[in-house]
Amino acid sequence: MAEANLFHGLRRAVLAEIASMAAAGELPPGLDTGRVAVEPPREAAHGDVTTNAAMVLAKPAARKPREIAEALVARLRALPHVTGAEIAGPGFINLRLADGFWRERLRVVLRAGTAYGRCDIGAGRAVNVEYVSANPTGPLHAAHARGAVIGDALANLLEVAGFAVTREYYINDAGSQVDTLARSAFLRYREALGEAIGKIPEGYYPGEYLKDVGQALAAKHGPALRDLPEAQWLETVKRFAVDALMAEVREDLRVLGVRHAVFTSERAMVESGGVERAVDWLKAHGDVYTGTLEPPKGKLPDDWEPRPQLLFRATRYGDEIDRPLQKSDGSWTYFANDIAYHHDKFRRGFAEMIDVLGADHGGYVKRMQAAVKAITEGKGALDVKLCQLVHLMDAGKPVKMSKRAGTFVTLRDVVEAVGKDVVRFIMLTRRNDQALEFDYAKVKEQSRENPVFYVQYAHARARSVLRHAAEELPGADLSAAGLASCDLAALQAPEELQVIKIMADWPRLVEGAAEAHEPHRVAFYLADLAAAFHGLWNRGKDDARLRFIQAEDRAGTLARLALVQAVALVAAAGLRVFGVEPVEEMR
RNA sequence: GCGCCCUUAGCUCAGUUGGAUAGAGCAACAGCCUUCUAAGCUGUGGGUCGGCGGUUCGAAUCCGCCAGGGCGCGCCA
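Sequential numbering from -5 applies to the first sequence in the working numbering.
If you are wondering where the hints come from, they were derived from the structure by calculation, not from laboratory data. It should be emphasised that the depicted structure is a prediction, and the values quoted were computed from it without experimental measurement. The C-beta atom is built at its ideal place from N, Cα and C for all residues, glycine as well. Do not rely on the hints blindly, as some may be mistaken.
When the alpha-carbon atoms are kept at most 27 Å apart in a straight line, the in silico BS3-like pairs for lysine-lysine are as follows [unchecked claim]:
no.: 1; residue 1: 277; residue 2: 391
no.: 2; residue 1: 193; residue 2: 205
no.: 3; residue 1: 367; residue 2: 394
no.: 4; residue 1: 321; residue 2: 277
no.: 5; residue 1: 394; residue 2: 193
no.: 6; residue 1: 232; residue 2: 193
no.: 7; residue 1: 391; residue 2: 436
no.: 8; residue 1: 321; residue 2: 367
Per label pair, the in silico range of CB-to-CB distance [unchecked claim]:
no.: 9; residue 1: 203; residue 2: 265; range: 26 to 34 Å
no.: 10; residue 1: 429; residue 2: 203; range: 21 to 29 Å
no.: 11; residue 1: 436; residue 2: 120; range: 33 to 41 Å
no.: 12; residue 1: 9; residue 2: 105; range: 22 to 30 Å
no.: 13; residue 1: 392; residue 2: 255; range: 31 to 39 Å
All chains should be built: construct the whole structure from the sequences, respecting the hints.
See the structure below:
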């Protein structure tokens, strides 16, 4: 089978020519070619392929870029499929490839079918992607959807790139927030037993959703807990409430189409001695000491007093200050627990870890990366994807939310309003570290400006043509495999070749996006593919020769259907990375 | 006050890990189309890449300082 990423082969060909130039004495031997890039040029006008080889080699070879380029371009011109090679700018070499070469790429797409774009840069390495990890103190709200979708799409992308991915959710069920949850649930329990509880006091979770938990507690325990001192009901109620809310969270995630393979309980990890294990490990490596931190610069916390405490030597691993592991009451800080959690991930075989977190964790990244470096002796790597805010709008007006009043828009509200596929796609139309505007009205609009619609429409349009063709050409094999072996000579128009070139770039895009951990690149790719396909379609309006189905031209029709089939395949492959169902028709 | 992230066309955003004359969609302007296969098409104008320095063949991209916005700043998670 032909190599999916055609630029790999081209790069090898360029390097082979460089080697033979060295052998012929035209270049010094043993040059480092690591920085030689062979890629599509930014501008289509510059040809199909560009390489910076002459410029990169100029310095080590002590030659002028253009001199090297002259010699190299003559050799590249002789390569198979190369129809043009020229030197441009400061020493770029631009290549043009034969139309026939591109037509053959179409067969590569069709033969690979739904597997087109898969690659093996991951080589089966284990990667742990942790995402959502919201506190189990309430239903997921709209902002959680972004992290959920980014994490899920990134996991899909890494799978396509050949990694062994584990999707993980960290349940923060150990801290004081779940104590607050338990007290709030207990209040609702008393309410369910008929007591008038009045206004929910400050410091409790006011959300209506806790009424159900209170009802369920009352149904299970009757009045048995009501008159006990807190110490005797807290554990029971906490566990019950956390379980109930995690069930809600899982349901929210299911509605969004997000499924984690592993749920790790912070509490279970702490109770099993995970923190001691991790801290002892750090102690043994000299990364823990008892010391007193300088007060933070600027405004002091009201109750600041210098206090010796157990510290992690984060400065040794690139952080600004050393970080506390224990609170004043001797219990572990959240950070200590998180070190233990990442230690645990590493022990489970994950050297590569990705945490998808909210932007409010920004100040936390350096210390966690320092900790991962320490706890894995430099063998592990942690990438943190911070997700910026989502601004919910409706027709340009902000949707009102108040966390204090407990009136926030839930994830489920959003999914019910526009559908999971729209939520998923839109959440991926911006880089994770940029704020995103989510406008109910705009995301449902059926227009060029709405990328979900535009991309889905391209897929639906392609599928529609194939359905139509099946009626026009009874008995023809219009499957991808069948069309892969038809005569493609009719594909001559620049618009047709342009669509093929974009599809030929899909494997390269997957590699780059997977390496950079940037699923949003897929959204922009799909929009480009859709634009080229719609453009081709529109050209068929004025130029009948570009219409896909032409009764009097069976061979040409089959060739164009091969193109259409490939567009459907690639669009579907991209949408599946997003966990979005490609639609057969627009409704 | 300190740290992290962000700043690209009037607006919304890309920019392939340092490449060429910085791109796309809206909006604006100028035409076309009014019916086919499915909710239009073509063209034009628009930029100090927040600012100033530095690194080098080459910077939106890397480094330093400054400005503006967001987030965070021991005993919240």
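So which hints don't hold here, by number, going up? 1 and 3
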